[in-house]
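Number of protein chains: 2
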Amino acid sequence: MKEFHVVGIGNAMVDILAEADEAFLAENGVGKGIMQLIDMDRAVELYAAIGPAREISGGSAANTIAGIAALGGRTAYVGKVKDDQLGAIFAHDLRAQGAVYETHLAPKTAHDETGRCIVLVTPDGERSMNTYLGVTEHLAPSDIDEEQMAAAEWIYLEGYRFDGPESHEAFARAIAAAKKAGGSVALTLSDPFCVERHRDAFREMIANDIDLLFANRAEIMSMYETDDFETALARGAADVEILACTESEHGAHILSDGQRWHAPAVPVKIVDATGAGDLFAGAFLWGLTHGHPLETCGNMGCVAASEVITHIGARPEANLKTLFRTHGLI
Amino acid sequence: MKEFHVVGIGNAMVDILAEADEAFLAENGVGKGIMQLIDMDRAVELYAAIGPAREISGGSAANTIAGIAALGGRTAYVGKVKDDQLGAIFAHDLRAQGAVYETHLAPKTAHDETGRCIVLVTPDGERSMNTYLGVTEHLAPSDIDEEQMAAAEWIYLEGYRFDGPESHEAFARAIAAAKKAGGSVALTLSDPFCVERHRDAFREMIANDIDLLFANRAEIMSMYETDDFETALARGAADVEILACTESEHGAHILSDGQRWHAPAVPVKIVDATGAGDLFAGAFLWGLTHGHPLETCGNMGCVAASEVITHIGARPEANLKTLFRTHGLI
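Those protein sequences? They're chains R and G, same order as listed. So for the first sequence, our numbering puts the first residue at 1; every next one is plus one. So for the second sequence, our numbering puts the first residue at 1; every next one is plus one.
Heads up, some of the hints might be wrong.
The list treats identical chains as interchangeable, and a pair is accepted whether it falls inside one copy or across any two copies.
The list that follows gives simulated cross-link-like pairs (lysine to aspartate or glutamate, EDC-like), each with its CA atoms no further than 20 Å apart [what the hints assert, rightly or not]:
id, residue 1, residue 2
1, K108, D143
2, K179, D209
3, K321, E19
Honestly, the hints are just simulated from the structure, not real lab data.
Excised from the complex, chain R in its bound form:
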């Protein structure tokens, strides 16, 4: 038995959540429903324009790890924060959920601050993300502990984390250490624009190293540069052992070894869509590392995603195991 079910690597971020209407997005040049990278000046300007906000720890892979930890899975997380108040909040919330998080802190004297994401939630529950990466952009190969990677059944790589000067080398080091110890590697494509920025690197990694690929409809079509969803699914399924592709209210498609399953979405009233994909991945990985069939893993993913979109914030608030029982999954 390995020490960790899943070790995640991603951008460590605190979410700053505020409500906004469509007019505000248009006036302030915020692209609806996507993630835009912004610099500190823009972050300050946008923050001054938004209404009252609340702060909740986020970060895509960190949300996934928090979900697995909330389910009782053994997890660790790798992502850089600064020795500042937001960094302390991020670290606390992950550890308080039960994840191992040995922060490689950027010092108080660092010019950049802990990363944050200004999430604007429109009345339809859609989230538009404006990300100031800060110190989390500078995760280096030296921040990857090879022993920790070797101790993981799965490592989970966040596509967003490919932005940044040394990210590719850091991921390569993590993958090599995990694979050498018999571990498996999962990747999430994160965002169609993230795929645009890193398509070649993703393609090479998917072909060579990825065992489980998470994507949504837009991401997988961008990845394989096709307008046809089925073509994209078929190509993804040919590249990896397991493909788990979400499709919003149409649920998720799981493809593996020539087989295919569909997990229906759980209909709920959407308050804030932030974290839906992250929690899908978290519940799926928890199921996979706890011996559940792929179809059940897909169903667990949809149930967990449905929980996280019923409230503000991208980490689960209800007891996910209880929900799995209610849905007859465990």
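Go by the hints and put chain G onto chain R.
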């Protein structure tokens, strides 16, 4: 017409909200349903013990001011934060709500940090508050802008703000400036233990300067050192022009000039009681400064309090004016 309907003076705090059960409170020496002052060491220790949290700007008088501003009232706030990330969050959220907030920042080099309150919410919705005051304790007379006080129809003083070395002098300066310009002065007793700490100072202020006193049942009984609620109400009503005393699910009692009204509580499912008293005061003061009869002001207070306890966080999320319309108050 004065520039401000209400100017509030209080402890500037960011709330750190987490769920906890009764056993956790007992194990960690947290008194249920009250506010305890803690030092930085205790804050660090308690924070390490609690589960995942979220951060929302709080501070009792700041919540009141945010409520009045949300209703469209002209407001300003006085309370000290540090030039750190939590200070920036506090300032942003108040200004984003429309309040004037000319922060007297403690510098980055200050030993203390921006104040925070670890709020533990039990399954019954009750909140147990653990307050690290930090720099907010050091609000000095020099932080009081006499012109701003003179520009207020009402100044609103937070009882909690009486803790701290120069607080009494600061309040005296504010009261003198407001009164000289024909303004009125409201005080909230904040907490029965706060009354214990400052009974003599409160008594003198109430006798000499206070026009409107806010309290809840426990606070008014502590103030007048009696076990009989009616006796306490009668004594309070004799001391001030208007007494507004809340009594949880029994609503609020308004006493003025020999008359008395009762405003019933609005029955709702309590998620987090934080801010109930603050929003009662905010809505009451908004009503008062907008020409509504005292009974209506009491009803507005109860409606606003009922909104803020249906969600996590101590500032309103729904449109309070719409709620007032629904209840036939405007």
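Now for the hints, and whether the structure bears them out:
In this assembly of identical chains, K108 and D143 lie within 20 Å of each other by CA distance solely inside one copy; the values are 18 Å within and 29 Å between copies. In this assembly of identical chains, K179 and D209 lie within 20 Å of each other by CA distance solely inside one copy; the values are 8 Å within and 74 Å between copies. For the identical chains of this complex, K321 and E19 are inter-copy neighbours only, at 18 Å across copies versus 30 Å inside a copy, given an alpha-carbon limit of 20 Å.
In terms of the numbered hints stated before, the structure departs from none.
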